[in-house]
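Trainee: Spelled out from the first residue to the last, the chains are:
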Amino acid sequence: MTTGATAEAAAPEQEETPRRRRPWRTIKAGTPRVTRKAQARLGVFMVAPLVAMVAVFLLLPMVNAIYYVFVDFNGFDPDPPWIGFSNFTELAQDPDVWAAFKNNVIWIVIGTSAPIVFGLGLAVLVWNVRRGSVLYRIAFFLPFMLPQVAVGVVWGWIYEPSRGWLNRVLETVGLGSLAKGWLGDPDTALYAVLGTAIWATVGFVFVIFLSALRNVDVDLVDAARLDGANAFQRLRHIILPQIMPVFLMVTTITLLGGFSVFDIVFVMTGGGPAGATEVLGTYAYSSAFQLNRISYGTTLALVITVISIPFAVWMNRLQRKLSLQGMGA
Amino acid sequence: MHIPPLKILAAAAACLLAAACTGGVSPSSDSDSKSLKYLIEEPEDAEALKALEEHIAGFEKKSGIDVKVSTLPFDNMRTVLQTQLRSGEGPDVFSWGSGPSFGGALVKAGLVQDLTGAYKKYGWKVFDFAKERVTYDGKVYGIPGELESIGLFYNKKIFADLGLDQPRNLDDLKGAAKAIRAAGKVPLAVGDKEAWEGGHLLSMALSSAVGGDGMEALFSGEKAWDSPEVVAALRLWADFNKAGYLPKSPTSVDYDTSTAMFFSGEAAMIPTGSWLVGEIDDNADFEVGYIPFPAPDGPGIFTGGLGSGPWISATASNKQAAEKFLDFLQSEEHSRWTVENLHTIPPRPMDTAGLDVSPLLSQVLEDTAKVGAGGDFGHNIDVMASDAVNEAMYDGVQAVLTGQQTAEEAAASIKTAAKQ
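Residue numbers (our numbering), protein chains in the order written: chain A, 1 to 329; chain B, 1 to 420.
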C-alpha cells in the first residue's frame, strides 16, 4: 500500500494541475443514469449513520454548549437566566483560570517535547535492532495501552511519601534528602504528574516513529555517514526530513493532548494541593460539577477547544504542505 | 411503495433531533405501583450492601413492595442523581446528604417530595437539630441520615507504653504528640490528599475552640470566617505539621493510608469521624479510645454531622409505597439493625439496651445520645456550608499545610467564598 505522500510524490504531473482533477466526472460520463442514481442512493445510505452520529454527538452538544455559555445554569434550573458575556468576562478576570492556563502551558511544552525526544531517541536506537525488536516494541508500548486511571493510581502509590518505592529507592542509594511527598508538594506535584504522563506517552510516540523509520532511505543515511556526518547531523538533516509528516502528526496529537489534559491530573491530585496542579480541564470540571456552575464550566471547556483549534489547523496545514513537497515517510 | 432515501434520511434526522431535544421533568415511566427504585451511595464494604439487601428483603416480604437497590460511587452521585431527577427517570427513593449544597439544592429545584404530612402521619421521631437540617421554608423534605461525630481516636496501648494520659486540653495533646514523636512514631495520622479531610481538621479544632454557639455564629454570619479563632484553628494544623506531629507531607497522604497508619500502630492517633468505628473494630488489635479534639482550655466538644439519609423524588411513581419504605428505614427495628450491622448511628432517640456492639461503638452511642439530648456539639463545616465555602476551605487547609498560604490568607479566602 502506498501512502498519500508517496503517491503524490510519484505523480508530479497530477500535482501541476490539481484543481482540474475531477475524476468523478469521468466516471459519471460513462455510467448509465440508472446506475448513477443507485450509486447516489447507496452513497447517501452509507454516510447517513455517520452524519446522524456527528449531528447527535458533536453538533447538537456543541450548539447546546454555546447556549449554556450565555446563561447561568446551575444544573437544576430548567429556565436559567440569560447573562450574555458575563461568563467570559469573569473568566478573563479569574486568577485561577490564569494559574490553570499556566499549568497547561507547562504541560504543553514539556508534555509535548519530552515524549517526542524520548520516543524518537528510543525509536532510532531500536531501528536497526533485529533480535528482540518485537519485545522492545511491546515493552515500550505497554504503558500506553493501560487505562490512564490505572496508571495514575499506580504512580500515586509509587510517589507515596512513606511507603512509595521512589522515596525508598532514593533512600537506598543515599539520596534520602531528596525524598519527599511528590504529589503533595506544590513545587513538585505538577512535574510528578507530568512525569507519569510522559512515561505513558513515550511508548506511543516510539511505535509511531519506529514505523516511520522503516520507510527512511537507508542509502541516504549511509551516504551521509560516509560524508562524515555525525549521528546528530544524520538525524537532523537526513532522517527527520524524511519522517517530517509523521513527526508533525505525533506533535499535533501530543500538543492537543496538552490542552485537553484531565484524567491523569484528576486521578493523581484532583488539581491539588490547593490548586497547584489545576489545569483548565480539571478547573472546568470542578466549576461545573463540584460548584454546580455548569455554564462557567462549559465556558471554560469551550475556551479550551477554541484555543486548541488554531494549533490543530496550523499543524495540519504544515503537515499537508510538507507532504505535497514530497517530504516524509 | 417507494420512499426516496433522502426523505427517509430527513425523517430519521428529525426523529433523532426530536429525541435529543426532548427534556424536562416527566413522571417516572415505571407504573408498577409495587416497585421502588432505591439509590444509595456505594458502600466501601460489599458485604454491607449484601446485608442491607437481605434486610430490605424482610420489608419487601411484609409490605409486598419490591425494592430494587442500586448504588453509585459518591463522587459520581451528585451529577448522575441531578440528571436523573431532572429527566424524571431517577430513583423513587435515594440516599443523599442534608446540607444546603446537597438536599438543599434539590429542594430549591423542586426535585424532592415534601414530607411534612408524612412526618405527622407516621409519627417519625428525629432529633430536633437533625430535623432542622432537612427543613426548608417550614417544610420537612427528608429524613436525616446517620449521626456522625468527629473527634480523636487514640491507641491506648501506645499511650500506656509511653506513660501518657488521655489529653484533656490542647497543651496535653501537644505534650503527648511530642513524646510520641520522640518515641519514633507518627503522633497524628493525618492525610489530606483528597482535600475533604481538611474540612474535618478545621471543623474539629474550630468547634472545640468556639463551641457550638460559636459555630452557629459563623454560619449565620454574625462572626466572620477570618476571625482570630478561625485563623488560630488553621494555624494550629500548620504548626502541628511544622513540629512533625503529622506524617511527612500530609497533602500527599490519602485517607486510606492514614487509617492504615493508625491500624498498623505506626501512628498513635487519628483525627476523624465515628464512621471509622467499624473498621477499627475489624482491623485494630489494640484498645482504642475516642475523645473530642481538645480545646485550648479544656477537653473540647465533639463535632457533629449528619450523613446521607432517604429522600423521595418529586416524580416517584408511587409516593405511598415510598413513604412506607421510609417508615421502615426510620423504624426502631431498622435503627437497631444499622447500629449492629453497619455501625452507623441513626439521629433518632432509640433504646440501646441489648445491642450487640463493641465497647468503642457503645461509647460513641453514648456520646451521640448526649448530642441528641441537646448537649453542646460542634458542626462539621462541609455539611453546613455552601460548595464555594467548602472549596475554599479544602484549598485553604491544603495551602497552610504546604506553606502556599498563611492561616490569615486561607481564612480570608473562606470569608470571600462565604460572601458569594
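These are computed hints drawn from the structure, not numbers from a lab.
One or more hints might be untrue.
[As the list claims (entries may be wrong)] Straight line, CA to CA, 20 Å or less: simulated SDA-like cross-link-like pairs of lysine to any residue:
1) B:K108 with B:K370
2) B:K370 with B:G244
3) B:K248 with A:S177
4) A:K180 with B:K370
5) A:K180 with B:Y255
6) B:K61 with B:W337
7) A:K321 with A:F262
8) B:K419 with A:D94
[As the list claims (entries may be wrong)] Between beta-carbon pairs, the in silico distance windows are:
9) B:K242 with A:V149: 28 to 36 Å
10) B:E409 with A:S260: 26 to 34 Å
11) B:E409 with A:V149: 31 to 39 Å
Idealized CB from N, CA, C, for every residue including glycine.
Trainee: All hints are to be evaluated individually against the structure, with a verdict given for each.
Mentor: Results of checking the hints against the structure:
Proposed proximity of B:K108 and B:K370 is contradicted: the alpha carbons are some 32 Å apart, above 20 Å. For the given pair, B:K370 sits about 35 Å from B:G244 by alpha-carbon distance, which is inconsistent with the 20 Å threshold. With a C-alpha separation of about 13 Å, the suggested pairing of B:K248 with A:S177 holds against the 20 Å cut-off. With a C-alpha separation of about 43 Å, the suggested pair A:K180 and B:K370 falls outside the 20 Å cut-off, and the hint is violated.
With a C-alpha separation of about 18 Å, the suggested pair A:K180 and B:Y255 falls inside the 20 Å cut-off, and the hint holds. For the given pair, B:K61 sits about 17 Å from B:W337 by alpha-carbon distance, which is consistent with the 20 Å threshold. A threshold of 20 Å between alpha carbons decides the hint, and for A:K321 with A:F262 the separation of about 32 Å lies outside it, so the pair is violated. With a C-alpha separation of about 17 Å, the suggested pairing of B:K419 with A:D94 holds against the 20 Å cut-off.
Range check, B:K242 to A:V149: Cβ separation about 35 Å, and the 28 to 36 Å hint holds. For B:E409 and A:S260, the Cβ-Cβ distance of about 32 Å falls inside the hinted range of 26 to 34 Å, so the restraint holds. Between B:E409 and A:V149 the beta carbons are some 34 Å apart, a value that agrees with the proposed interval 31 to 39 Å.
Violation of the numbered hints given earlier is confined to hints 1, 2, 4, 7; the remaining hints are satisfied by the structure.
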